[in-house]
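Next come the chains, spelled out residue by residue.
2 protein chains.
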Amino acid sequence: MSYLNHYSYTIEKFEPEMVTYIKGTSAASQLISECMLYSLTAGGKRIRPMLLLEFCHAYGGGFKESIPFAVAIEMIHTYSLIHDDLPCMDDDDLRRGMPTSHIKYGEDMAVLAGDGLLNTAFEVMTEAALDSHDNRALKAMQTIAKAAGTQGMILGQVADIKYQSREMSLESLDYINCHKTGKLLMASMYAGAVLGGANEMELSHVETIGYKVGLLFQIVDDVLDVVGDEQKLGKKTKGDAKNEKTTYPALLGLEETKTRIKLLEAEILNLAKALSIDTTFLEETVKFLSCREY
Amino acid sequence: MSYLNHYSYTIEKFEPEMVTYIKGTSAASQLISECMLYSLTAGGKRIRPMLLLEFCHAYGGGFKESIPFAVAIEMIHTYSLIHDDLPCMDDDDLRRGMPTSHIKYGEDMAVLAGDGLLNTAFEVMTEAALDSHDNRALKAMQTIAKAAGTQGMILGQVADIKYQSREMSLESLDYINCHKTGKLLMASMYAGAVLGGANEMELSHVETIGYKVGLLFQIVDDVLDVVGDEQKLGKKTKGDAKNEKTTYPALLGLEETKTRIKLLEAEILNLAKALSIDTTFLEETVKFLSCREY
Chain A
1 MSYLNHYSYT IEKFEPEMVT YIKGTSAASQ LISECMLYSL TAGGKRIRPM
51 LLLEFCHAYG GGFKESIPFA VAIEMIHTYS LIHDDLPCMD DDDLRRGMPT
101 SHIKYGEDMA VLAGDGLLNT AFEVMTEAAL DSHDNRALKA MQTIAKAAGT
151 QGMILGQVAD IKYQSREMSL ESLDYINCHK TGKLLMASMY AGAVLGGANE
201 MELSHVETIG YKVGLLFQIV DDVLDVVGDE QKLGKKTKGD AKNEKTTYPA
251 LLGLEETKTR IKLLEAEILN LAKALSIDTT FLEETVKFLS CREY
Chain B
1 MSYLNHYSYT IEKFEPEMVT YIKGTSAASQ LISECMLYSL TAGGKRIRPM
51 LLLEFCHAYG GGFKESIPFA VAIEMIHTYS LIHDDLPCMD DDDLRRGMPT
101 SHIKYGEDMA VLAGDGLLNT AFEVMTEAAL DSHDNRALKA MQTIAKAAGT
151 QGMILGQVAD IKYQSREMSL ESLDYINCHK TGKLLMASMY AGAVLGGANE
201 MELSHVETIG YKVGLLFQIV DDVLDVVGDE QKLGKKTKGD AKNEKTTYPA
251 LLGLEETKTR IKLLEAEILN LAKALSIDTT FLEETVKFLS CREY
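Going down the list, the sequences are from chains A and B. Oh and the first sequence: position 119 is 119 in my numbering, straight run, nothing missing. Oh and the second sequence: position 124 is 124 in my numbering, straight run, nothing missing.
Pulled out of the complex, with its shape left as it was, chain A reads as follows (with noise of 0.2 Å):
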């Protein structure tokens, strides 16, 4: 099975146990449920949530122990889109090829069903905490919740609305990154390692490495804001211009930027030969992040 097969694969199989986390009952229920599923449910690549599986797996771990933390990463993700996605945030109308939350469900229902997916998140992973018989579940959550938090991908939402400027310097702009996209991917990748049992050692080099995967992520996705196409994006482009966002691109040129992709991307695939699991999920991941059209 070619490794795309394998991913579509996996997602398939995790899809369905994700939206079994959110149920309502009452009317109230249901709206709320409605509106964080439609979300959550509106595609995107669960980037996130197959390294965390990966990791995982790797490691020695089982699917079934890893999946509600692999759903609740995919919640904080979403939740945090949904909030960027605000008016008073990047003020976006369209997201996934789909309406934006508030642009569906009005502005108050979005900004509660992002609060809702967060909540939602610790729910689901304080749950599998209590059924666990060792720590492995509470540590995985503790990367989670400090990768999202104000150290974090918060962090970086706030560097980013308030000290975004066109002079800003590569070391700004790779500080605002590391945290705004760069803490949760690299936690994916950690808290699953976690599960799977890895030693400090190896959590040490995973950590290394996700910070890594997390600011190639971005960078792919500055040149998309600035090459890709909006129908395969399912967004609009050219919003890093319009913001007046710094961008690598704006920073370094395109083509500076794309030789940064190629050199993170050698950088990561060797530093993953020192890991002592079967890392092909790994290559085949960056390499399908580096090449990505959407």
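Derived from the structure by calculation, the hints contain no laboratory data. Hints should not be assumed to be uniformly reliable.
Identical copies look the same in the list; a pair holds intra-copy or inter-copy alike.
[To be verified] Taking lysine-lysine and the BS3-like style, the derived pairs with C-alpha atoms no more than 25 Å apart in a straight line are: (1) Lys139 / Lys64; (2) Lys64 / Lys146; (3) Lys104 / Lys162; (4) Lys23 / Lys162; (5) Lys262 / Lys212; (6) Lys258 / Lys212.
Use these hints to put chain B onto chain A, whose structure you have.
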């Protein structure tokens, strides 16, 4: 020492602990920390942390072990106020006598500060659970997570903004309030009892009492919105009438509502007698809640 003195003394010990959980180093980190602390330290009665600390203490638990959960529940309460006050929700400019978060820091930061407080609450509880030697901490976190989530407080908020009408029944109003206010107040008491080591029978009884305390709290809030003093309350009154919200006074009339408060108070005090602990603190809190002017 009178109970009110004891209350003030405990909160004076609690508040400096609470702020240590929020720190910022970089500029962006300082900004989000400042914004979270602005709302977290804007006063408030600290009813939820106080109930949690008292129940934990009454069942034999330590102050130190219960602090992270008391902090977490106050963070969750505060995040819900910040998001409730947003222009797309209740659109309030004033809270506890000060400009609301979005007036002071802008809507984008208010959304992120709310997200940050919710996420930090779970970071704090996860750390505490990792430090703990039994699963009481995890069970307390589970209680708080459920009460705050889409079957609890968030559901109540959805019901409040989407299913409020002038013609609603007393049952529907109780349903909204039980979720919007009752669940988190109940969870404060229940989580405290869990941390203190209460057995299942006691916990079930604490749950019953907790919902009634939550309802009492909300009914008094409704009365204060009609007859309260804006100066003492630190927020605009008559907001419910302005927003065409059904309240207990609107539904039952002011006198019958006051009778219901007295009945609930008596019921709680009576139920409290069946608990195995010294419930003086609960009696004092309930009396304070039902006579409060702010």
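Okay, the hints, checked on the actual structure:
1. In this assembly of identical chains, the alpha carbons of Lys139 and Lys64 lie at most 25 Å apart whether taken from the same copy (17 Å) or from different copies (22 Å).
2. Taking the closest pair of Cα atoms, Lys64 and Lys146 come within 25 Å of each other both inside a single copy (24 Å) and across two copies (22 Å).
3. With identical chains, the CA atoms of Lys104 and Lys162 are at most 25 Å apart between copies only, with a shortest distance of 15 Å across copies and 27 Å within one.
4. Within a single copy, Lys23 and Lys162 get their C-alpha atoms only as close as 37 Å, which misses the 25 Å cut-off; across copies the closest is 18 Å, which meets it.
5. Within a single copy, Lys262 and Lys212 get their C-alpha atoms as close as 12 Å, which meets the 25 Å cut-off; across copies the closest is 62 Å, which misses it.
6. Only within a single protomer do Lys258 and Lys212 lie at most 25 Å apart by alpha-carbon distance; the minimum there is 15 Å, versus 62 Å between protomers.
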